[in-house]
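Taken in sequence, the protein lines are chains E and D. Take the position in the first sequence, starting the count at 1, then add 2; the result is the number in our numbering. Take the position in the second sequence, starting the count at 1, then add 62; the result is the number in our numbering.
A couple of the hints might just be wrong.
Far from chain D, some chain E residues (derived; all Cβ distances over 12 Å) [what the hints assert, rightly or not]:
hint: 1; residue: Arg70
hint: 2; residue: Ile77
hint: 3; residue: Gly131
hint: 4; residue: Pro225
hint: 5; residue: Gly235
hint: 6; residue: Pro292
The calculated SDA-like cross-link candidates involving lysine to any residue, where the alpha carbons are at most 25 Å apart (straight line), are [unchecked claim]:
hint: 7; chain 1: E; residue 1: Lys25; chain 2: E; residue 2: Pro349
hint: 8; chain 1: E; residue 1: Lys157; chain 2: D; residue 2: Lys74
hint: 9; chain 1: E; residue 1: Lys181; chain 2: E; residue 2: Asp224
hint: 10; chain 1: D; residue 1: Lys74; chain 2: E; residue 2: Pro349
Some residues of chain E that are not near chain D, with every Cβ distance over 10 Å (derived) [said to hold, decoys possible]:
hint: 11; residue: Gly40
hint: 12; residue: Gln91
hint: 13; residue: Ala138
hint: 14; residue: Pro155
hint: 15; residue: Pro189
hint: 16; residue: Asn191
hint: 17; residue: Phe217
hint: 18; residue: Ser313
hint: 19; residue: Arg337
It should be emphasised that the hints constitute simulated quantities derived from the structure, not laboratory data. Cβ atoms here follow ideal geometry from the backbone N, Cα and C, with glycine treated the same way.
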Amino acid sequence: MPAKVVVLGGGVGGTLAANLLAKELGSDAKVSVVDPTGMHHYQPGYLYVALGQANGRWLVRDERTLLRREVDLIIEQAVRVHPEAGTVQLERGGSLEWDYLVIATGARLVHDQIPGLVEGSHEFYSLEGAQRLREALRRFEGGRLLVGVAGVPYKCPPAPVEFVFMVDEYLRKRGIRDKSEVMLLSPLNRAFTIESASKVIQPIMEQRGIGLTTFFNVEEVDPSAGTVSSLEGEKAEYDLLVLVPPHKGQQVVTESALADGPGWLPTDRHTLEVEGQERIFAIGDATNLPISKSGSTAHFEAPVVASRIASLVRGTAPRENYGGRVMCFLETGNRKATVLRFDYEHPPAPPQPNNVWHAAKWMFNRLYWETVPQGRLPENLPMPIPTGRSES
Amino acid sequence: MSMQIAKTLDLKGLSCPLPIVKTAQGIKEVASGELIEALATDPGSVADFNAWCKSTGNELVEQGEDGGVFRFVIRKK
Chain E
3 MPAKVVVLGG
13 GVGGTLAANL
23 LAKELGSDAK
33 VSVVDPTGMH
43 HYQPGYLYVA
53 LGQANGRWLV
63 RDERTLLRRE
73 VDLIIEQAVR
83 VHPEAGTVQL
93 ERGGSLEWDY
103 LVIATGARLV
113 HDQIPGLVEG
123 SHEFYSLEGA
133 QRLREALRRF
143 EGGRLLVGVA
153 GVPYKCPPAP
163 VEFVFMVDEY
173 LRKRGIRDKS
183 EVMLLSPLNR
193 AFTIESASKV
203 IQPIMEQRGI
213 GLTTFFNVEE
223 VDPSAGTVSS
233 LEGEKAEYDL
243 LVLVPPHKGQ
253 QVVTESALAD
263 GPGWLPTDRH
273 TLEVEGQERI
283 FAIGDATNLP
293 ISKSGSTAHF
303 EAPVVASRIA
313 SLVRGTAPRE
323 NYGGRVMCFL
333 ETGNRKATVL
343 RFDYEHPPAP
353 PQPNNVWHAA
363 KWMFNRLYWE
373 TVPQGRLPEN
383 LPMPIPTGRS
393 ES
Chain D
63 MSMQIAKTLD
73 LKGLSCPLPI
83 VKTAQGIKEV
93 ASGELIEALA
103 TDPGSVADFN
113 AWCKSTGNEL
123 VEQGEDGGVF
133 RFVIRKK
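Here chain E stands alone, though its shape is the one from the complex (with noise of 0.2 Å):
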C-alpha cells in the first residue's frame, strides 16, 4: 500500500514539497494537493501590478499545469484536520486519509481588525488590491502618500520598503514628485526591522527625500478625515495611504485547535514538524517561526519536509533539517536592488544595490513558473551573497 500524503495549500511550499515527495517516492506513496481555488498566485509580482510594470495576468496559473501529472490536485477548502483520526475534513462533505501531512495553507489577511482599514487604505498583498492601488496613484495628483503595516508579522517584510522607493521612481516619471510628500510609517525606530538592512535603506531614503516616522503602529484609519492614527498617540493626515493589512493564520489550522491565538501553527525550528505531531509538518507563512514569512522561506522549508517524509515513508531515520535559511531581493528603485540572505545563525549583511541584483530579481520573476514549483532552482547560486557574522 502506498503511503498517503496529503498537502494543503498550493502555494509555492506545498506544490513544491508535493511534487518532490512524487518523484522522490514514485509509486510508494499517493501525493495530493488540497487547494481551495486551484490558482497559484506569484505573490511578489503584486507590488509590480500596482506600480504599473505588470500585467496581473502573468502572476496566476492553473496549479495542475505545476504539478507533476502523478500528484493530484483537489480543489477543495480543508476545514479542519483531526490528527488522531489521520483524516482532514473538506468542506463540501467527505473527508480524506493521510499518513502523513504537510500544512502550506499561508497566511490570510485580516483587514477588520483595523477600523477604517478597508475604506480609507489601500494595499498591494492581493491582486484585486494592487489593481485598485493601481488605478488610485493614475489619479493621484500629488500630496501626502503614507505608506506602512497595521499589523506584525506580516508577508515579505522588504515590501513597504520597496513600495517606497518604488513609488518615489514611479512619481518622478510622473513629473509630480516635487508635489509629493513620500513617507514610511515603521514600527520601530528604524525603517526596516534587520538593523543591517537598515543601515543600506536609509540613507537612500534620505538622499531620494522619502521621510521616516518612528515608533508609528496603526490603530485606526479615520477615512472622512483623511488621518491615520498609532498606538503611541500620534495622528498623520494623508491624501493616499498604503498599508499592510494584518495576517492571521487560517481558519482550518485555528479550528484544528492546532495553532496559538493568532493562528500560526507551534512549529520545530529544525525538523519543521507541529509541536506534538509527529506525522505532521508545517511549512511557510502558516508557520510561528520567528522568520520572514516569505516564498523564499517556504522554498528552502519544502525540501526538508519533503526529504523527512521519504525518509519515514522508508523507514529511515529522517536527516534534513532546515538552517532558517532565507533570501530576499530587495528592489530600491531606479533598477537597483540589493539582497539579503540569513538564516538562524548569520543576520544578512546586504551589498549597496546595484543593477546586478535588480536583473537577478527579473530573471527571478521571470524563471519562477518554470523552476521554482519544480524544484529545478539550483540550490547553490553561483554568485556569492554575503552574510553577516553571527548575532549570538
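The hints should help you fit chain D onto chain E, whose structure is shown.
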C-alpha cells in the same frame, strides 16, 4: 517606593518588531503612572525598548536579564 505591576506581557519567543508592537498595544490597557512589565527573549529588544521609551515618553524604570529573558518595567506617561 512600591513596585506594583499593573500588567505583565509575556513576549518570550517573539522576534522583532513584535515585542514593541505588543507593548504599544498592552500599555493602552493600563492607566497613566501605572507600571507594565514586559518579558522578552529577543536580544534586539534591549535597544528597541530603550529607544521606544525615549521616543514615546514612557519611563523605563527597570531593566535586566535573567537566563536569557530580558525584563523591562515601564511606567506609562
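Hints and how they fare:
1. At the 12 Å boundary, the C-beta of Arg70(E) stays outside the reach of chain D, the nearest C-beta of that chain being 35 Å off.
2. Interface exclusion of Ile77(E) from chain D stands, the closest Cβ pair being 35 Å apart, more than 12 Å.
3. Chain D leaves Gly131(E) outside its interface by the beta-carbon criterion, the shortest separation being 22 Å against a cut-off of 12 Å.
4. Every CB of chain D lies more than 12 Å from the CB of Pro225(E), the least distance being 22 Å, so the non-interface label holds.
5. Listed as a non-interface residue, Gly235(E) fails to keep its Cβ farther than 12 Å from every Cβ of chain D; the least gap is roughly 8 Å.
6. The non-interface label for Pro292(E) is inconsistent with chain D: the shortest C-beta to C-beta separation is roughly 3 Å, within 12 Å.
7. The hinted pair formed by Lys25(E) and Pro349(E) fails the criterion: a straight-line CA distance of about 34 Å is larger than 25 Å.
8. At roughly 21 Å between alpha-carbon atoms, Lys157(E) and Lys74(D) fall within 25 Å of each other, so this suggested pair holds.
9. For the given pair, Lys181(E) sits about 23 Å from Asp224(E) by alpha-carbon distance, which is consistent with the 25 Å threshold.
10. In summary, the hint linking Lys74(D) to Pro349(E) is supported, as the alpha carbons are separated by about 20 Å, within the 25 Å threshold.
11. Residue placement check: Gly40(E) keeps its beta carbon more than 10 Å from all beta carbons of chain D (closest about 34 Å).
12. Interface exclusion of Gln91(E) from chain D stands, the closest Cβ pair being 30 Å apart, more than 10 Å.
13. With 10 Å as the threshold on Cβ separation, the claim that Ala138(E) sits away from chain D holds: the shortest Cβ distance comes to roughly 27 Å.
14. Against the 10 Å criterion, Pro155(E) falls within the reach of chain D, whose nearest CB is about 7 Å from its own CB.
15. Not every Cβ of chain D is farther than 10 Å from the Cβ of Pro189(E); the closest lies at roughly 5 Å, contradicting the non-interface assignment.
16. Listed as a non-interface residue, Asn191(E) fails to keep its Cβ farther than 10 Å from every Cβ of chain D; the least gap is roughly 4 Å.
17. At roughly 5 Å from the closest C-beta of chain D, the C-beta of Phe217(E) falls inside 10 Å, breaking its exclusion from the interface.
18. Under the 10 Å C-beta cut-off, the non-interface status given to Ser313(E) relative to chain D holds; the minimum distance is some 28 Å.
19. For Arg337(E), the condition that its CB be more than 10 Å from all CB atoms of chain D holds, with the nearest at approximately 30 Å.
Hints 5, 6, 7, 14, 15, 16, 17 from the earlier list are contradicted by this structure; the remaining hints agree with it.
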